[in-house]
Amino acid sequence: RVLALNKADLLDPDFDASTLASVDGARAVLTSAATGLGIAELLEAVAAALERPAAYADEGRAAGRTG
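Residue numbers (the working numbering): 622 to 688.
Mixed in with the good hints there might be a few duds.
[What the hints assert, rightly or not] Quick list of the computed label-pair ranges, beta carbon to beta carbon:
| no. | residue 1 | residue 2 | range |
| --- | --- | --- | --- |
| 1 | Ser639 | Ala669 | 13 to 23 Å |
| 2 | Pro634 | Glu672 | 13 to 23 Å |
| 3 | Ala638 | Ala669 | 12 to 22 Å |
| 4 | Ala661 | Leu631 | 17 to 27 Å |
| 5 | Glu672 | Asp635 | 30 to 40 Å |
Derived by calculation from the structure, the hints in this document are not laboratory data.
We put the CB at the ideal spot given by N, CA and C, even for glycine.
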């Protein structure tokens, strides 16, 4: 699970973001849509949380089929 916490650009500069590394078992990522802060980290976290499919459509075969 990934938790995106937006509007990070509005936080107090003294805020300790390390306290939010994990929230309720989910990976917490501070983001700001306005500035782009944390967007790359959020994309990486989401990609890591997704399971790899059995096959990709561009490979020309259905998932779970061999041949």
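Verification of the supplied hints:
1. Separation of serine 639 from alanine 669 is about 19 Å and conforms to the stated range, judged on CB atoms against 13 to 23 Å.
2. A beta carbon spacing of about 38 Å between proline 634 and glutamate 672 contradicts the range 13 to 23 Å that was offered as a hint.
3. Restraint check, alanine 638 to alanine 669: a C-beta distance of roughly 19 Å satisfies the suggested window 12 to 22 Å.
4. For alanine 661 paired with leucine 631, a C-beta distance near 20 Å keeps the hint of 17 to 27 Å intact.
5. Between glutamate 672 and aspartate 635 the beta carbons are some 39 Å apart, a value that agrees with the proposed interval 30 to 40 Å.
Checked against the numbered hints above, the structure breaks only hint 2 and satisfies the rest.
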